[in-house]
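Student: In case you want the letters, here they are:
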Amino acid sequence: MGTIGEAVRRRRSALRSGLTGRFLDLGLIVVVAAFLILLATRVLEHGPSFFLQILTFAIANGGIYALIALGYTMVYGIIELINFAHGDVFAFGAFLSASLIPVFGLGEDKPFGVLPALALLGVFVVTMLVCGVLNVSIERIAYRPLRHAPRLAPLITAIGMSFFLEGALFLWKGPSNVHYPNVLPSAGFNLFGAEIGTKEIIVIVTALVLVVALALFVERSRLGKAMRATAQDRDASLLMGIDIDQTIAATFFIGALLAGAGGTMYGLYYNTSVFDLGFSAGLVAFTAAVFGGIGNIYGAAIGGLLIGMIQSFWDGYFESAWTQVVIFAVLILVLVFRPTGILGMRVPEK
Amino acid sequence: MALLEVSKIDVFYGRVQAIRGLSISVGAGEIVALIGSNGAGKTTTLRTISGLMHPAGGKISFDGRDLTQTKAHEIVRIGICQSPEGRRLFPRMIVLDNLLMGTYARKERSGIQSDLARVYELFPRLKERTKQLAGTLSGGEQQMLAIGRALMAHPKLLMLDEPSLGLAPILVETIFRVCTEINAQGTPILLVEQNASKALEIAHRAYVLETGSIVQTGTGKELLSSPDVQRAYLGM
Ligand SMILES: Nc1ncnc2c1ncn2[C@@H]1O[C@H](COP(=O)(O)OP(=O)(O)O)[C@@H](O)[C@H]1O
Ligand SMILES: [Mg+2]
Numbered sequence: 033m034g035t036i037g038e039a040v041r042r043r044r045s046a047l048r049s050g051l052t053g054r055f056l057d058l059g060l061i062v063v064v065a066a067f068l069i070l071l072a073t074r075v076l077e078h079g080p081s082f083f084l085q086i087l088t089f090a091i092a093n094g095g096i097y098a099l100i101a102l103g104y105t106m107v108y109g110i111i112e113l114i115n116f117a118h119g120d121v122f123a124f125g126a127f128l129s130a131s132l133i134p135v136f137g138l139g140e141d142k143p144f145g146v147l148p149a150l151a152l153l154g155v156f157v158v159t160m161l162v163c164g165v166l167n168v169s170i171e172r173i174a175y176r177p178l179r180h181a182p183r184l185a186p187l188i189t190a191i192g193m194s195f196f197l198e199g200a201l202f203l204w205k206g207p208s209n210v211h212y213p214n215v216l217p218s219a220g221f222n223l224f225g226a227e228i229g230t231k232e233i234i235v236i237v238t239a240l241v242l243v244v245a246l247a248l249f250v251e252r253s254r255l256g257k258a259m260r261a262t263a264q265d266r267d268a269s270l271l272m273g274i275d276i277d278q279t280i281a282a283t284f285f286i287g288a289l290l291a292g293a294g295g296t297m298y299g300l301y302y303n304t305s306v307f308d309l310g311f312s313a314g315l316v317a318f319t320a321a322v323f324g325g326i327g328n329i330y331g332a333a334i335g336g337l338l339i340g341m342i343q344s345f346w347d348g349y350f351e352s353a354w355t356q357v358v359i360f361a362v363l364i365l366v367l368v369f370r371p372t373g374i375l376g377m378r379v380p381e382k
Numbered sequence: 003m004a005l006l007e008v009s010k011i012d013v014f015y016g017r018v019q020a021i022r023g024l025s026i027s028v029g030a031g032e033i034v035a036l037i038g039s040n041g042a043g044k045t046t047t048l049r050t051i052s053g054l055m056h057p058a059g060g061k062i063s064f065d066g067r068d069l070t071q072t073k074a075h076e077i078v079r080i081g082i083c084q085s086p087e088g089r090r091l092f093p094r095m096i097v098l099d100n101l102l103m104g105t106y107a108r109k110e111r112s113g114i115q116s117d118l119a120r121v122y123e124l125f126p127r128l129k130e131r132t133k134q135l136a137g138t139l140s141g142g143e144q145q146m147l148a149i150g151r152a153l154m155a156h157p158k159l160l161m162l163d164e165p166s167l168g169l170a171p172i173l174v175e176t177i178f179r180v181c182t183e184i185n186a187q188g189t190p191i192l193l194v195e196q197n198a199s200k201a202l203e204i205a206h207r208a209y210v211l212e213t214g215s216i217v218q219t220g221t222g223k224e225l226l227s228s229p230d231v232q233r234a235y236l237g238m
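Residue numbers (our numbering), protein chains in the order written: chain V, 33 to 382; chain S, 3 to 238.
Honestly, the hints are just simulated from the structure, not real lab data. As the structure is a prediction and not an experimental result, all values here were calculated from the model. A hint or two may mislead.
[Stated by the list, open to error] Straight-line C-alpha distance at most 16 Å; calculated EDC-like pairs for lysine to aspartate or glutamate:
| no. | chain 1 | residue 1 | chain 2 | residue 2 |
| --- | --- | --- | --- | --- |
| 1 | S | K73 | V | D267 |
| 2 | V | K205 | V | D277 |
| 3 | S | K73 | V | D308 |
[As the list claims (entries may be wrong)] Listing some non-contacts, in silico: residues in chain S with all C-beta distances to chain V over 12 Å:
| no. | residue |
| --- | --- |
| 4 | S9 |
| 5 | A30 |
| 6 | D65 |
| 7 | I80 |
| 8 | P93 |
| 9 | G104 |
| 10 | E123 |
| 11 | T132 |
| 12 | T176 |
| 13 | E183 |
| 14 | Q196 |
| 15 | L226 |
| 16 | P229 |
| 17 | G237 |
Glycine residues also receive a C-beta, built at the ideal position from the N, C-alpha and C atoms.
Next comes chain V alone, as it looks inside the complex:
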C-alpha cells in the first residue's frame, strides 16, 4: 500500500515500542488527569443537578459526532482518504430532512405520537438513502478515477467536492442559519433536579442503536468482512474474490447512511442548520475519528462521544469561546502522546 501510510505506521510502531511508549502513555494520563481535576473543581462549584444536565447534553452531542466520525473513519480505513466532503453530506442530510418533514406530514410543535414517530422514521430512511446515493456518486466521480494516482490527488478532489457541496447548499438555503422545525416532543422529566428532555433520550438511543447496528454489520455480515479485508490488504482481498470497487462503494454508502441520520438528528436536536455546517461539525467529527484511532470504528464511536462531551462540558463549565481551541488542543495532545489515537492499531500491519 501507500508509502506515506507505511512510513507513518512504521514511525508509530517505533514510537509505541518499549519505554518510550510507556512514557508517552504516562504523559497522556497526566494531561487527562489535570483536565479532570480542573473540571472537578468547577463541577463541585455548580452542584450535581447542573452536572447531570450537562452530562445529558454532552452524551447527545457526542452521539451525533460519533455518527459523523464513523463515516470518516470507515472511508479512511478502506482507502486511506480523508473524505472532506463527508461533513457536507452530513449537512446535506440536515437540509434534506428539514424539507422532508412537511412532506411526511410533520410540522412545528405538533403533538407527538405513534403516527408522527413512523413518519419521522420515514424522514430518516429517505434522508439516509439519498445521502448514501450522494456519497457513492461522489466516490464514483471524484475518487475512483484517481484510485491509482498519487495520494495527494484524491485529497485535492475531496476538498474540491466539499467546496462544491457547500456551494450547492449555499445556493439552496442561503448564507444564514436556517430554522429546523421542532418536531420532537419538548417534554422532559426531572432527574435529581436536572431537566432531562425526551429529545436527548431519543438522540442518545438512536445513536446507540445505529452504532451497534453498524458494529454488528461490520463484524458479522459478508459485506462487513469484505470491508475489513479490503481495509487490511487490497490485493489479497482481490485474490480471495472480493469485488473491491463494490466494497469501497458500499463503505461510502454505509458511512453516508450514518451521516444522513446524524444530519437529521442534528436538525431535530438543535433546530437549526447552516450551509457550512459540514465544515465546522465535519472538522470536529474528523478530529474525533483521529482521536479514537482513525480506521477503527469503535475508536470513532468513542472519539465522537468524548469530543462531543468535551465540547459540551467546556461550553457548560468554561468559556465557550475557547471550545474549538480546546478540542484541537486535545487532538494535538493525543497525537503527540499516542499517535495511533486511543484505540489505534497495535498489531503490525504486514
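Knowing the structure of chain V, use the given hints to seat chain S with the ligands on it.
Tutor: Just chain S with the ligands now, kept in the frame of chain V:
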C-alpha cells in the same frame, strides 16, 4: 490441452516491459516450477494469471476458458488461487478468519469444514494458533497460513509465490513436503521459487525464467542435471 495455458503474453509496468512473449502450461495433476533469479518476472507472471494485472498481448486460458481480461475477483471463482509473494495476510484478523476469507468466493459451502480440517492436518501449528491475530505470527506460520488460506478456496489450480522465502531450513522442508501432499491429493500446483534445487526436486516439469522470457524448460530431473541451470541457479 493443458489445464492452464499461458501463451505469448507481454506484460508492462507503465512503459517498462516485465514479461516478453512468455508461454507456460500446467496440466492436470502436475507440479510445475517456475524458477528464476530476483526480478526475472516470476511474481509478475503469477499476478497476471490471477488477474491483478492484464497482459498487453497474448492469451491466458484455463479449463478452455479465456481469462486474458478477466477481473481478479472473478479468477478465484473460476478456480485459480494463489499464496502471494509476501504472504499478504489480513494482519488484524485471527488465523481462523484468515482461513475463512479463503472461502469468500466459494459457492458450495458444504465442504468448508472438511477443508478446514484438512488445512489443520497439513499445518498443525495453525490449529494451535487458530485464535491468534495473523499479524503476530512468525514468518513460517504466516507462510503456512497463506498457503492454507489459498487451499480454503478449494482451487483447481494452486499457485505459490516463493513459499520458502525467509524460512528456516526445517520449515522449508515442511513447506515442500506439504506441496507434494497437496498435489498427491489431486491439486495441480504452479510453484514459483528462487530455491531452485528444492523446487526442481518435487516438480514434474519446470521453466527457467530470465528477464521476462522462458529460456529453458524440461522435467524437474532434466533441469536439475542441466549444466546451465546448475551454474546459474544451483551454485555448482
Ligand atoms: N510495481 C512495479 N512497478 C514497476 N516495475 C516493477 C514493479 N514490480 C516489478 N517490477 C519489475 O518487473 C520485473 C519483474 O519483477 P517480479 O515479477 O517481481 O520479479 P520476480 O518475482 O521474479 O523477482 C523486475 O524488473 C521489476 O523491477
Ligand atoms: Mg517475486
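Student: For S:D65, which was marked as not at the interface, is the minimum beta-carbon distance to chain V over 12 Å?
Tutor: About 17 Å separates S:D65 from the closest Cβ of chain V, which puts it past 12 Å; holds.
Student: Closest CB-CB distance from S:P93 to chain V, is it above 12 Å?
Tutor: Violated, because the least Cβ-Cβ distance between S:P93 and chain V comes to about 6 Å, which does not exceed 12 Å.
Student: So S:E123 supposedly isn't at the interface. Is its beta-carbon more than 12 Å from every beta-carbon in chain V?
Tutor: Non-interface label on S:E123 holds, nearest chain V Cβ at 22 Å vs cutoff 12 Å.
Student: Would the least Cβ to Cβ distance between S:E183 and chain V come out above 12 Å?
Tutor: 22 Å, holds
Student: Find the nearest Cβ of chain V to the Cβ of S:I80 and say whether that gap is larger than 12 Å.
Tutor: With a cut-off of 12 Å, S:I80 comes too close to chain V, as the shortest Cβ separation is near 10 Å.
Student: Would you check whether the claim that S:L226 is not at the interface survives, using Cβ distances to chain V and the 12 Å cut-off?
Tutor: 31 Å, holds
Student: Please settle this one: S:T132 was flagged as non-interface, so is its CB more than 12 Å from every CB on chain V?
Tutor: For S:T132, whose nearest Cβ neighbour in chain V is about 16 Å away, the distance exceeds 12 Å, so it holds.
Student: Is the Cβ of S:Q196 more than 12 Å away from each Cβ in chain V?
Tutor: Consistent with the label, S:Q196 stays out of reach of chain V, its closest Cβ about 20 Å off (over 12 Å).
Student: Would you say S:G104 is clear of chain V, with no C-beta pair closer than or equal to 12 Å?
Tutor: About 6 Å separates S:G104 from the closest Cβ of chain V, which leaves it inside 12 Å; violated.
Student: Is it true that the CA of S:K73 sits at most 16 Å from the CA of V:D308?
Tutor: At roughly 41 Å apart (the allowed maximum being 16 Å), V:D308 and S:K73 break the hint.
Student: Does S:A30 really sit off the interface, with its C-beta more than 12 Å from all C-beta atoms of chain V?
Tutor: 22 Å, holds
Student: Taking 16 Å as the top limit, are the C-alpha atoms of V:K205 and V:D277 close enough?
Tutor: Judged against 16 Å, a Cα distance of about 34 Å means the pair is violated.
When the structure is compared with the earlier hints, violations turn up for hints 2, 3, 7, 8, 9 and for no others.
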